[in-house]
Amino acid sequence: MTEQSRTLPELVGWVRQEGLALSLPNDRLAFLIAISALSKGDLSQELTEAALHDAFGYVSQVFGQVDETVTSRANNAINELVRQKLLSRFNADPTAGESLYRLTRLAVSIVDFFAEQREVSTIKLSLLLEQVAGELEKSYRSALAADDIQQWNQQVYPRLKFSVEEILGRIDLTQRAMDEQQNHVKAQIAELLNLNWTQAIHSCEQLLHETGQTLKELQDTLDAAGHQLQEGLLNIQEACQGRDELFHVADLTHSLQGRIDAIISWGQQCIELWARYDRHVHKFIRTAIDMDKHRAFSQRLRDSIRDFDQHNWLLRVAQEHRLLELRDETLALHGEEVTGEVPEELEYQQMQDLGNALTERIQAHLAAYRDEGKPLDLAEVLREYLQAYPQFQHFDVTRMLVDEAVRLGHAEAELAGFKQPKWKPINETGAKVQAHVIDQY
Amino acid sequence: MSLTNTEFPMGLRLAQAIANPLFPKLDTALRSGRHISADDLDNHSYLLEFHSELDVFYARYAAELIKAPEGFFYLRPRPSSDIATSVLSELDMLVGKVLCYLYLSPDRLANEGIFNLADLQEEILTLADEQQLLRMVHQRSGGSDLDKRRLLERLRTTLRRLKRLGMVTALGTGDRFRINESVFRFGADVRGDEDPREVQLRMIREGEAILHDDELPTSEHLLDETDDEMEEEQLGLDV
Chain U
1 MTEQSRTLPE LVGWVRQEGL ALSLPNDRLA FLIAISALSK GDLSQELTEA
51 ALHDAFGYVS QVFGQVDETV TSRANNAINE LVRQKLLSRF NADPTAGESL
101 YRLTRLAVSI VDFFAEQREV STIKLSLLLE QVAGELEKSY RSALAADDIQ
151 QWNQQVYPRL KFSVEEILGR IDLTQRAMDE QQNHVKAQIA ELLNLNWTQA
201 IHSCEQLLHE TGQTLKELQD TLDAAGHQLQ EGLLNIQEAC QGRDELFHVA
251 DLTHSLQGRI DAIISWGQQC IELWARYDRH VHKFIRTAID MDKHRAFSQR
301 LRDSIRDFDQ HNWLLRVAQE HRLLELRDET LALHGEEVTG EVPEELEYQQ
351 MQDLGNALTE RIQAHLAAYR DEGKPLDLAE VLREYLQAYP QFQHFDVTRM
401 LVDEAVRLGH AEAELAGFKQ PKWKPINETG AKVQAHVIDQ Y
Chain Z
1 MSLTNTEFPM GLRLAQAIAN PLFPKLDTAL RSGRHISADD LDNHSYLLEF
51 HSELDVFYAR YAAELIKAPE GFFYLRPRPS SDIATSVLSE LDMLVGKVLC
101 YLYLSPDRLA NEGIFNLADL QEEILTLADE QQLLRMVHQR SGGSDLDKRR
151 LLERLRTTLR RLKRLGMVTA LGTGDRFRIN ESVFRFGADV RGDEDPREVQ
201 LRMIREGEAI LHDDELPTSE HLLDETDDEM EEEQLGLDV
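In the order they appear, the protein sequences are chains U and Z.
Last residue of the first sequence: number 441 in my numbering, and the count goes up by one each step with no gaps.
Last residue of the second sequence: number 239 in my numbering, and the count goes up by one each step with no gaps.
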């Protein structure tokens, strides 16, 4: 499985399944670095078990651990490093049971990270960039000369994949080392200022300037070479254009282009970030140091925070009552320029108005019965009347009509105590009404 | 003589100052207690230019437009003033002092003067006495997790208030902020090497501060205060 073909969940699952873990407490790391220091003197870089025990003994002494158990603890430590893939064990002579050890790639990088001061210089960077350019040039030439896919696969692709990519990786590492150096300088500046406020200013400025300068030089080198590199990659891309079988080569050149771009743009960003930091430190020096020449103020402030229970004053600030101006907004919302003129049909009508209008109509309709003295059979009247209205209004209209009708008079039958009248249907959907006929007005 | 008729017409410079489009917003900000520091470029340079005229203007409200030695401006109403004042709480004062200390601390240079609430909380807990802090939040605080959460909540409220006062400037949407010079007001009592008591007395005389007595705040008073804060938050008014 190659790196690209693994998705994130696969990777995570794989680490979990394999139970990969690294744990290096202080003394173990010291042991690892001691091993590395010992093996450096030896050209063969092989380590015997005795040498490892020596290293462990020394570390153990420095850490003030008990002497008696040193052998077993050393064995434990060695086994642990082997298990964590930091040491490789080789059985040189199976009969004697003696083993040889070598630091693994991982261990070398770890030691490298902590112990080696990585050199960041433009010369190194230029050399690396030159190498990349040379490799690209060679790949291009082989690409032009290549007749078949076989030659591409042997001459061009490996060179791009193993050589160019590797060197770019190293350039990338150089940049990362530069990031670290910046953080280091930042810490240094803070420390300097902490130690001696005013005298530190000069050294701070120098540090700031130097780092900024280094960054700029590195970037200039990168910029200058970057263009050439991109051109080389483009040439190769052109050479494999239109040939489907060379897709993997084209793909690789694209990813290399992306990498070069990323390296250059990160460099650019670094410069910007550093410039911002630089400005900030200068402002700090201008303001903070100016306000507090001997750091006495800071100290007093600190004391006053610690003894805050003796603090006995509170700051007064202006705080005018806020005005809540709602009127303007209300007016603005109702202004004609906001709503415009409403068409007649959309004009808002109140429920009340509608009801009144209907009631009036019903009154007029019922008035005829009273004037002529006809008996008013509610069920009959309703059945006729409701025909003019859609069904969903029937209930409301009926309510109004009944209200109006009982206002006109009452039923003789009801007063006389006749039995309940029959239910009579009033519309097609089965609504019924039970009422005496109104005949007394 | 009618009050609307004045013998002395408004000075040309003052008229110019008031006619400036910056004036209405700035005036409101100052009256609501905002401090204008040099980072607020437009407003600050405007105040620099018209300081004496505006000082006369605010004198009519019995308030002074103060330019602090550190260069920031703020309004200081006298007790008789028409412009109301409010008093910062004890926790506000403590946080203010810590902010002032942070402003001067070189340890924090690496993040370019940008802090977040967590930094502040950490600093406060290292610098101040935790028990006392918790007492400020709750009289009978036992230091439980709930109390600590409450403390964080109160710190957030305080920071919001200080933001409104222009002591810190919020950055982005998160909890990050930058400290302005105006926090020096919190360090005023220990600014010089005079006796802090003298300075405090002077500040109280000048109307910069009021005397705070531990015995005074009753629970009622505290309740009022929290109500106030709640109201401010609910309205969500950010000046």
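Note that these hints are calculated values from the structure, not bench results.
Hints may be right or wrong, so weigh each one.
[Stated by the list, open to error] To be clear about the criterion: a stretch of chain U counts as covered by chain Z if any three or more of its residues have a C-beta under 8 Å from a C-beta of chain Z, and this derived list gives those stretches:
{"id": "1", "segment": "208-220"}
{"id": "2", "segment": "291-305"}
{"id": "3", "segment": "382-396"}
[Claimed, not checked] Facing chain U, from chain Z, some residues (calculated, C-beta under 10 Å):
{"id": "4", "residue": "TYR46"}
{"id": "5", "residue": "LEU48"}
{"id": "6", "residue": "PHE50"}
{"id": "7", "residue": "GLN132"}
{"id": "8", "residue": "LEU134"}
{"id": "9", "residue": "ALA170"}
{"id": "10", "residue": "LEU171"}
{"id": "11", "residue": "GLY174"}
{"id": "12", "residue": "GLY207"}
Given the structure is predicted, the values throughout are model-derived calculations rather than measurements.
We treat Cβ as the ideally placed atom computed from N, Cα and C, and that holds for glycine.
A quick look at each hint next to the structure:
no.: 1; hint: 208-220; result: violated (count 0)
no.: 2; hint: 291-305; result: holds (count 12)
no.: 3; hint: 382-396; result: violated (count 0)
no.: 4; hint: TYR46; result: violated, 18 Å
no.: 5; hint: LEU48; result: violated, 17 Å
no.: 6; hint: PHE50; result: violated, 18 Å
no.: 7; hint: GLN132; result: holds, 6 Å
no.: 8; hint: LEU134; result: violated, 13 Å
no.: 9; hint: ALA170; result: violated, 18 Å
no.: 10; hint: LEU171; result: violated, 13 Å
no.: 11; hint: GLY174; result: violated, 19 Å
no.: 12; hint: GLY207; result: holds, 6 Å
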